[in-house]
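Same order as they appear, the protein sequences are chains A and B. Just so you know, the working numbering puts 248 at position 248 of the first sequence, and the rest follows in order with no gaps. Just so you know, the working numbering puts 266 at position 266 of the second sequence, and the rest follows in order with no gaps.
Read the hints as simulated data drawn from the structure, not as lab findings. Quick caveat, the model's predicted, so the values are computed rather than measured. There's no promise every hint is true.
Copies of one chain are not kept apart here, so a pair can be met inside one copy or by any two copies together.
Claimed, not checked - In silico PhoX-like pairs for lysine-lysine, Cα to Cα no more than 25 Å straight-line: (1) Lys306 x Lys35; (2) Lys322 x Lys35; (3) Lys326 x Lys35; (4) Lys35 x Lys25; (5) Lys25 x Lys322.
2 protein chains.
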Amino acid sequence: MAVLNVDLGSRSYPIYVGPGLLSQKDLFRNHISAKEVAVVTDDNVAAIYLDDLLISLSGFSVTCHVLPSGEEYKTLETLGTLFDTMIAEPCSRETTLIALGGGVVGDIAGFAAACYQRGIRFIQIPTTLLAQVDSAVGGKTAVNHPLGKNMIGAFYQPACVIADTQTLSTLDRRQLSAGIAEVVKYGAIRDPAFFQWLEQNMEALCRCDNSATEHAILECCRNKAELVAADEEERAERTLLNLGHTFGHAIESATGYGQWLHGEAVAAGMVLAAQMSCCLGWLAAAELDRIRELLVRAGLPVSPPKDISVETFLSHMSRDKKVADKRIRLVLLEGIGRARLVADYPDETLTEVLAAAVA
Amino acid sequence: MAVLNVDLGSRSYPIYVGPGLLSQKDLFRNHISAKEVAVVTDDNVAAIYLDDLLISLSGFSVTCHVLPSGEEYKTLETLGTLFDTMIAEPCSRETTLIALGGGVVGDIAGFAAACYQRGIRFIQIPTTLLAQVDSAVGGKTAVNHPLGKNMIGAFYQPACVIADTQTLSTLDRRQLSAGIAEVVKYGAIRDPAFFQWLEQNMEALCRCDNSATEHAILECCRNKAELVAADEEERAERTLLNLGHTFGHAIESATGYGQWLHGEAVAAGMVLAAQMSCCLGWLAAAELDRIRELLVRAGLPVSPPKDISVETFLSHMSRDKKVADKRIRLVLLEGIGRARLVADYPDETLTEVLAAAVA
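Could you put the whole structure together from the sequences, leaning on the hints where they help?
Quick look at the structure:
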């Protein structure tokens, strides 16, 4: 088991990474403060891992709430059903909430923990690659609004993150690829050596080779922990983690949540950001090709769906959380490993890149 | 204009108290950071004060959302309609949200500010006595759940509180009395001198005498600011502010939100807490009488509705946020001005007090 620390003063917490952690009772005992525990998971994950977790939680008083799986359920309404369960029980303010699942479960459950009785303790147990390398770390929680992704949420840090790498063995190929999109992102925005490593090890990662996977998770978590420690509430450097996300969120909301997996939309979005960086003369065509090729090898889409018009694209992008002074700010690349947040690009470049992509 | 400070390190903020503040443009300019403003109010308050506020906000780009008035609308659903307006606009993360209204508006709008794009700047403009002395100060925000009051919310501090005492002139008598209940609370829990002052000045307060009202608001805010600075997230001394609230919240949720005003329920709840303190031999009968008499002079109810059974009462109380280890913890009195949080009372004393009250 490897341990990384997210350094946030009194809100610092460890990330545990390794195989079989779901069965390590002591990890749970060390991070749960009272008898009461509420476990939130989804129907897919519950069928495979809930029993294992409940064995590790023997001795605690446990309430379970199983959500339907899929991004399309990451809504205020779903959150309401979770609150119904917790209040009917009733779960007290001493309860520790455990999120067992992928990014959707972690985002909803984390937001529930942030709001229930104005905040209760919570633990992230990410079971997908995407959640282990990205969404479970850093305290971003949210639900979607029909008009905009992750519009309603909180910065709320977990007490710990327990990433059991064995849970990745049951991921389907599409979910695994979606996670790799976020892995590639870390290389692209700030870690050229890791990007190179990915170019050399993509096949090992795609077949879930243990040591390759663990290395990738640790590198991603290390990068994320550094950015989060520097800028918890995303006022500066943390925005760079959004490479591909302004485009990607627009794809997700325009197609109706759940059609595209988040990681798939981010992959197509990263290529759009790289294309735009190329058009602006910031990124060499060869570097754009390296990014696109790496994503293709991961089995990811590298262009948006053709049936979104440029206008629809721009309208969804205009609701992005990075908008300031009515301007869509974009994370672009000055090279592989060098990302920058940009507001002063020519509007026509953005329009041209989108038009070419959906033509 | 008087200014008090709530001392919370980097999240410290001023409370401005005085007549005519709604027209002081500079107050707004000093506390709004970008061009975009969203004003949240209710239909009652909008009819009287929204135009004045909009004049003070000339030059800003303002979005308004008017809520139906009443505690029964302090729900996740109402919150959803506010998010719909803000996202359709679209309001960016730079927006400053202004809550113009009583406790219900402040609680919903404050929670919306805490969650919208994971947190935006907000300003409280409380227009009722209850909000000026209590709910607008200290950063508690929430919506209700059918089974429990203020169950879903956040600790989220405003950038400032602007208490224009002129707005109290349009309060109806019932709303004014409801505010006085919280005023009496401050005297009862920690300020015997203020309690005595209230005994001497209750009639002036009830007729909204300017200097009496301003003195009362400042004394309440000073007491609240001290407790909040010492214990922002209510782990210790801040709980004392809940005198009468565990009983009061049970009255509010058991009767259906909106039947009893919050302050009315708190008044009846404080008498129950005082009666229980008396039964335990902690409070002299003469002190119980002083509390009850002061509330009667304020035109407040001093006993709960008769149609709530003891079982229903206890069931609603068991969902209180102060429950720990399945135990309902109560704020009781060891004297006027000396409150204490208690878990180790005999259950039968609680049952007897409730049974006598609803008999």
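Structure-based check of all given hints:
no.	hint	result
1	Lys306 x Lys35	neither (52 Å within a copy, 36 Å between copies)
2	Lys322 x Lys35	between (41 Å within a copy, 16 Å between copies)
3	Lys326 x Lys35	between (48 Å within a copy, 10 Å between copies)
4	Lys35 x Lys25	within (14 Å within a copy, 52 Å between copies)
5	Lys25 x Lys322	neither (41 Å within a copy, 29 Å between copies)
Hint compliance for this structure: hints 1 and 5 are not met, and every other hint is.
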